[in-house]
Structures are given as C-alpha cells and as structure tokens.
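Work out the full structure: start from the sequences and follow the hints.
Heads up: the sequence shown begins at 558 in the working numbering, then just goes up one per residue.
I should point out that these hints are in silico values taken from the structure, not numbers from a laboratory.
Be aware that one or more of the hints could be misleading.
FRET-style restraints, in silico, Cβ to Cβ [to be verified]:
(1) Gly643 - Thr820: 48 to 56 Å
(2) Thr900 - Arg977: 31 to 39 Å
(3) Glu689 - Phe916: 35 to 43 Å
(4) Gln952 - Gly649: 32 to 40 Å
(5) Pro807 - Val770: 15 to 23 Å
(6) Glu689 - Gly643: 25 to 33 Å
(7) Pro923 - Arg1040: 24 to 32 Å
(8) Glu948 - Thr808: 38 to 46 Å
(9) Thr900 - Leu646: 48 to 56 Å
(10) Lys964 - Arg1040: 16 to 24 Å
(11) Glu838 - Ser1052: 18 to 26 Å
(12) His915 - Ala975: 21 to 29 Å
(13) Gly690 - Glu838: 32 to 40 Å
(14) Ser632 - Phe916: 49 to 57 Å
Every value quoted in this text rests on a predicted model; they were computed, and no experiment measured them.
We put the beta carbon where it would ideally sit given N, CA and C, even for glycine.
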Amino acid sequence: MSPNSLKRATGALVLLLVLLSPSSGFGGSRSHRYYPSTSPQYSSQLEIEAVSLLFRNNNILVSDTRHTIVFINVSGLPENVPQIEGNTLSVGLSSGQAAVVAGNTHTAPLPLEVPLPALSVGIAPLSISESEGVLYIADGSGRIDALNLDNHTHDIIVIPDSKIRLNAGAHISKLLKRSPTLGKLLGMVTTLPLDPGKISVIAGGGRIPPTTVPVDALRARISPIGLSSDTEGIYMVGETGHILYLNNTPTPHEIPIREGASTRIVRVRPGEIFLVASRGEEHDLRPGTDPVPAISSTMNPTTIIASEGRIFTADQDGNIDMINLTTHPMTFPGAPGESAPRTLEPGMVLRIAGGGTHFVGFSPLPALDAMIRPHSLTYDSRGFLYIGDIEETSQAGRVLAINVSDKPLSLPLMRHGAFRKLSVSPGEIVAIAGNSRRRPLATTTPSPAGDAGIEPIQLSYRNGLLAIGNLLGSVDLVNLTFRNRRAFPNDVHASLLLPPGTILSLMGNGFGSSQKPSDEAN
558 MSPNSLKRAT GALVLLLVLL SPSSGFGGSR SHRYYPSTSP QYSSQLEIEA
608 VSLLFRNNNI LVSDTRHTIV FINVSGLPEN VPQIEGNTLS VGLSSGQAAV
658 VAGNTHTAPL PLEVPLPALS VGIAPLSISE SEGVLYIADG SGRIDALNLD
708 NHTHDIIVIP DSKIRLNAGA HISKLLKRSP TLGKLLGMVT TLPLDPGKIS
758 VIAGGGRIPP TTVPVDALRA RISPIGLSSD TEGIYMVGET GHILYLNNTP
808 TPHEIPIREG ASTRIVRVRP GEIFLVASRG EEHDLRPGTD PVPAISSTMN
858 PTTIIASEGR IFTADQDGNI DMINLTTHPM TFPGAPGESA PRTLEPGMVL
908 RIAGGGTHFV GFSPLPALDA MIRPHSLTYD SRGFLYIGDI EETSQAGRVL
958 AINVSDKPLS LPLMRHGAFR KLSVSPGEIV AIAGNSRRRP LATTTPSPAG
1008 DAGIEPIQLS YRNGLLAIGN LLGSVDLVNL TFRNRRAFPN DVHASLLLPP
1058 GTILSLMGNG FGSSQKPSDE AN
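This is the structure we're talking about:
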C-alpha cells in the first residue's frame, strides 16, 4: 500500500469509528465519576489520579493517590482476580471493569513480613513492577512489598530475623517453608509462601543504610520511590538519589563496582540489598557523555528501568543515564554521525539523552542535543526507550521515544489527521504523543496521539501498546504498531479498533454503568 493510500485508509477508519462509537445516551457526563472501590465498576466512570501503573498480561494495574492499587480489565475476557475481603477470596471482573485489589485508602496498619490480606493494610504505592508472577511495590513507608495477584501460591525470597518470629508467634514453622538449598535457620535465606490476594514486606523497615557491602534486605533502611525488576533482581531508586539492587532470586548474583581504574565483583546472596550507584558524596560528579564509575556518581533519578543488567534512569536534572551492571562490556551506537560504536564497561554510567537546548518535536534529532524533563520511563524490547516528558509550568507534556538499539527503527505517528511513519536512527529522539497542552483530552474514541493533551506521569509498554498514567484524570492507551489493534475501553460488547498512532482513554468520559458505585468523585 502506498503512503497516500495508507493515510486515506487510516483516516477513513478513524471516521468510521467515530460514527460507530457509543452515543451520549449510553452513560453520564464527564463530571459524573466515581472513586474506585473493591466492587466491580466500569473504568470509564472512574476518577483516578495515577501515581504508577503497570501492564500485567493484557490488563493494567494502577496505583492512585488514595493509597490503593486498582486492577483494570482491558483484556476483552472475564477475569477472576484474588481479593480477600470477609469471606470473599476473589472478585470477577468483566472486560472494561475495575476494582481495588490492594490498600485500604489509608497508610496504616503497615504490611508485615508475615503475609496479610492485601486489602487490610495501608500502602503508599509509588511504583509497581513484576517478576515471575509476583508484583513488587515501592512503598512510601520505606519498604518493598510483594503482592500475589495470581490464582496460585508463589514463593518469595527473604532472610527472616527475630522480628518475624515475634510477629508470627508459634506459627512461624508453618509460614516459613524450609528449603535444604536455601537454609533452615532464622537469619539465613529461605522461601516464604505468598498466597493469592496477600501482601508481605521483603525489604526495608530496618536501621542499616545500604552500602557497597550487601546486607539483609529486611534490616536495611530504604526510601524507595521507583523500582524495576527483571529475571536478575530488583533495582530501585531512593529519595536520596541512591540506586540499589535487591536479589529476590534463589541464586547469588554478581554485581560490578568500578572504583577508580579497577573493577571488583560483589557477590550478592538471595535476600540481600546493595548500593550499586550514586553514593552521593560531596566530591562526586554527575554523569556526562563520557563513561564514569557509577558508584562515585551523583544522580537525582525519579524512575528506573532494568533490562538484563542494562539500567536506565530518568534524572531530575533533565538527563537519561545508562548504567552497565553486568560483568561484561556493553556496546552501543555512538551519537548520530559517529560510525564507530561505543563501549560501556561494567560498573560504569554515562548520559545518553538530555543536556541540550533543542526542543523535541515530531522529527527526530540527536538525543544528546535535546532538552527534556523526564518523569517516567518504559522500555520496548525492540530498542525504544519511552519517556514521559512534563513541562512543570504548563503541567502538560508528551511521550518521547529514544532509539537505544544499534539499528534504525520505525514508529507510527498520527497528528492533525495525517499519518506518518517515523524512521528513528540509533541515538535519536522524537515525540510520538501529546501536544504539550492540557487540551483536548483523549476520549473513549480513538484520536490522533500527537494532538492529545496529556500529563504522562507514568508509562508502561506491552506488545506494541503504550499505557499512559495521565494526571489529567485518565489512563490512556496508544497503538505503537503499524496494524490496527483491538481495545476494550468500556462496557460495550464489541471491541474498538485502535489504528496505528492513535490514542484513547480508558476512563473519564462518562461511558459505562457502574454496578456498585462507590463514593462519587465530585
């Protein structure tokens, strides 16, 4: 199909979707919305101020300012989600419905090391990640929590100490499942069964500040504001700017620490936590375009993304930094115009975007020449790093994409009713969604992503779809593939087609019929 034919076909499809969209009689007005509750509600009627979000399978989890985690079913299929409330063990959600699955809208009582029903505790979920079916939460109380929303029990890794014996009483032998390979005594690593719908603390709450000497995670004093997990462990950033690694796997993991011209490898046992970057001493420098030791750098990260030991952080100073926490050198493309690839040695960090003076528009430019204000990150395994960029004065922003791979990549863009195929070279950055204003809002009908008003405080990517935690009162969905995708934004029986480069809101536009409304959000 020629580019002009693709433009006409895409435009015709958008017009058809507008004509076939539900009428205004299907629901109420935008001002008539509800706070999420533990009962099923249609997400399009909800008022959610997103703090963090996560694509989980084909659904979305959102933590909000009311200290809860909300499960939004956008899969198109019925979902049965663990939810322990009274005699109820789960809640059934139709496609388009949502329910609170963790948190009690307060910050007390705090979660304990002994698993408790997730609805019975007070949490302040600042960031959410997932690994091996377990959700991990950066809790504003100074802890990392583990939450099980699967329908079967998961084992989590802990190094229990005397306070677990005190909390568990005589039942400690039933709670701690002993493993001959992991240890049998308190103070040694073991596994703890986490049943569906329950939550447990796995790190924090202690008095020992993490250093480059690993310590038991439950004895550490931490203040996590963002985290990311992969198959090798959990990486987190704290209020103090420190970057930490928590080994939540059943095997030891090796982390490089570069000090001066030498690199030492630190063996981190399961259940231990460890300072890996940004110790923040007075004489330490901020990362630049030349690699420097990560441990002796000073950073102010707000969020973090991990991918097989390659760590990306979004810095409050307007930079995106990359850290190599593997035990082998990494190669990556040089700046546009540089023919030779660059090398990042183990334990080193460098700036890959930001620090420039050029506004990022809808045409690619070198990422190091860009002026950015990153608040959130998510990663696409093809090689794109997506940035939630927010202008503080206007409280609006855009989604930017950086090509961090070694080959040119493409993205769709719909703007002003026209379709473009963006070709982004390695090391380049481009805007793909948002107009840097607060209007017009995305609706429950697909519209060009480049024209929407968004405030992208959090991002999550899965299988070509980008979820945006929009502080303008919505969770939005963008199609970043070159084919139409089906979406299930509300309680209509038929799905919507989301064309390439378009955006829709999963809530906030009055469609839906809440079965058991909670307090109305006025």
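Hint-by-hint comparison with the structure:
no.	hint	verdict
1	Gly643 - Thr820: 48 to 56 Å	55 Å, holds
2	Thr900 - Arg977: 31 to 39 Å	34 Å, holds
3	Glu689 - Phe916: 35 to 43 Å	41 Å, holds
4	Gln952 - Gly649: 32 to 40 Å	37 Å, holds
5	Pro807 - Val770: 15 to 23 Å	22 Å, holds
6	Glu689 - Gly643: 25 to 33 Å	30 Å, holds
7	Pro923 - Arg1040: 24 to 32 Å	30 Å, holds
8	Glu948 - Thr808: 38 to 46 Å	44 Å, holds
9	Thr900 - Leu646: 48 to 56 Å	53 Å, holds
10	Lys964 - Arg1040: 16 to 24 Å	21 Å, holds
11	Glu838 - Ser1052: 18 to 26 Å	54 Å, violated
12	His915 - Ala975: 21 to 29 Å	23 Å, holds
13	Gly690 - Glu838: 32 to 40 Å	39 Å, holds
14	Ser632 - Phe916: 49 to 57 Å	38 Å, violated
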